[in-house]
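Student: Please build the complete structure, drawing on both the sequences and the hints.
Position 90, counted from 1, in the sequence shown is what the numbering used here calls 90; the numbers after and before it change by one each time, with no gaps.
Please note that the accuracy of each hint is not assured.
To be verified - With a cut-off of at most 20 Å between alpha-carbon atoms, the simulated SDA-like pairs for lysine to any residue come out as follows: (1) Lys181 to Lys134; (2) Lys261 to Leu234; (3) Lys127 to Ile154; (4) Lys181 to Ile167; (5) Lys285 to Lys254; (6) Lys295 to Leu234; (7) Lys270 to Glu289; (8) Lys261 to Arg249.
Unchecked claim - Distance ranges between label pairs, derived from CB positions: (9) Lys100 to Pro135: 33 to 41 Å; (10) Glu246 to Asp63: 21 to 29 Å; (11) Ala128 to Asn79: 33 to 41 Å; (12) Ser165 to Thr69: 17 to 25 Å; (13) Thr101 to Asn51: 25 to 33 Å; (14) Glu246 to Tyr296: 20 to 28 Å; (15) Thr72 to Lys147: 48 to 56 Å; (16) Asp256 to Asp144: 34 to 42 Å.
No wet-lab data here; the hints were simulated from the structure.
All figures in this text were calculated on a predicted structure; none of them were measured in a lab.
Just so you know, even glycine gets a beta-carbon here, dropped at the ideal spot from N, CA and C.
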Amino acid sequence: MKRFFKHFSFVCFCVFFCLAGLINADQAVDDTVITWGEPHFPPYVITKGANENKGIDDLIKQDIGEHLTGYTHVFRNANYAKILDNIKKQKHMLITPLFKTAARQKYVHYSSIPSYLVLPNGFIINKADKKRFKPYLTRENTLDIEKLITSEDISIGINLGRSYSGILDEMIRKHGASFYKKSSIDLSESMIKMLKADRFDAMLGFPVEVKFVAQKAGIDYNDFEVLPVNGMVLYSAVYFGGPKNEWGRNVIDKLDEILLKDGTIPRYVKFYENWLNDRDKQRYKKILERVYSKKYPQIYSAF
1 MKRFFKHFSF
11 VCFCVFFCLA
21 GLINADQAVD
31 DTVITWGEPH
41 FPPYVITKGA
51 NENKGIDDLI
61 KQDIGEHLTG
71 YTHVFRNANY
81 AKILDNIKKQ
91 KHMLITPLFK
101 TAARQKYVHY
111 SSIPSYLVLP
121 NGFIINKADK
131 KRFKPYLTRE
141 NTLDIEKLIT
151 SEDISIGINL
161 GRSYSGILDE
171 MIRKHGASFY
181 KKSSIDLSES
191 MIKMLKADRF
201 DAMLGFPVEV
211 KFVAQKAGID
221 YNDFEVLPVN
231 GMVLYSAVYF
241 GGPKNEWGRN
251 VIDKLDEILL
261 KDGTIPRYVK
271 FYENWLNDRD
281 KQRYKKILER
291 VYSKKYPQIY
301 SAF
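Tutor: In structure tokens:
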């Protein structure tokens, strides 16, 4: 019996030792490794296809890799929910692009200034059909969406399950039966082909999505135009996000330093502008002037 207890004690000691080793190994996280969460979100993050790693934020991360010394950069494909869950658990993970929300600010440490601005979702139309939308334009050349929807003269395609934010989501909730719904979160080739073929008159999406999807579908993106919607925000700001812990604050502080260097944000803005048509570029430049000249004059002077 004594031999049994002696043997049992030895086994328990070994098991405890192994478990302790595993726990310590898990806790011994390398502070010099940054894991970038990468959701497939073209043309911001492109994880597959001909433009793989050539998205707006793909290029930004490559630029950061060249300027943020002393760190190893690792990239992990995951959806936004999984990435944000890892950040919430204070893992050594960063993400871009990320928009600010009250809920996220409870556990995400954001960069102090936006890395670039984005135009909001709008009405994507065939440029040749623009005259049909003239009765629904305000004096500011933005669409009166409720007037358009209730006219029942214009058919609109949307992606089922996607949030378009602001008044667009409000109108979808209010007039859901008036929309043609496609079961896809991302703007799809099939939808833009349907728009081109006049299966419906307009669809909702980001201006930068048009070029990416049209190119994939083999259609000239200049055949389309994005009409801004009255009541939508003029722009949204894009930030870097990381965990609210010492590691996250240290890394984000270093990213802030890079953002404030001459030429950094103008470079990132160019990555975004490359996906806009000429008309939207002009609208975007006016917004950049309005925002950066007032809030960040030292950055605006480098544009």
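Student: Each of the hints needs a verdict: does it hold here or not?
Tutor: Do the hints match the structure? See the list:
1. Lys181 to Lys134: Violated: Lys181 and Lys134 sit about 24 Å apart, past 20 Å.
2. Lys261 to Leu234: violated (26 Å)
3. Lys127 to Ile154: holds (15 Å)
4. Lys181 to Ile167: With a Cα-Cα distance of about 18 Å, the restraint between Lys181 and Ile167 holds, given a limit of 20 Å.
5. Lys285 to Lys254: Outside the cut-off at roughly 27 Å; violated.
6. Lys295 to Leu234: holds (16 Å)
7. Lys270 to Glu289: holds (14 Å)
8. Lys261 to Arg249: holds (19 Å)
9. Lys100 to Pro135: 33 to 41 Å: Given a distance of about 36 Å, which is inside 33 to 41 Å, the answer is holds.
10. Glu246 to Asp63: 21 to 29 Å: Holds, at about 25 Å.
11. Ala128 to Asn79: 33 to 41 Å: holds (37 Å)
12. Ser165 to Thr69: 17 to 25 Å: Violated, at about 37 Å.
13. Thr101 to Asn51: 25 to 33 Å: Distance hint for Thr101, Asn51 holds at roughly 28 Å.
14. Glu246 to Tyr296: 20 to 28 Å: Holds, since Glu246 and Tyr296 (Cβ atoms, about 27 Å apart) stay within the stated range.
15. Thr72 to Lys147: 48 to 56 Å: Holds - the Cβ-Cβ distance for Thr72 and Lys147, about 54 Å, lies within 48 to 56 Å.
16. Asp256 to Asp144: 34 to 42 Å: holds (40 Å)
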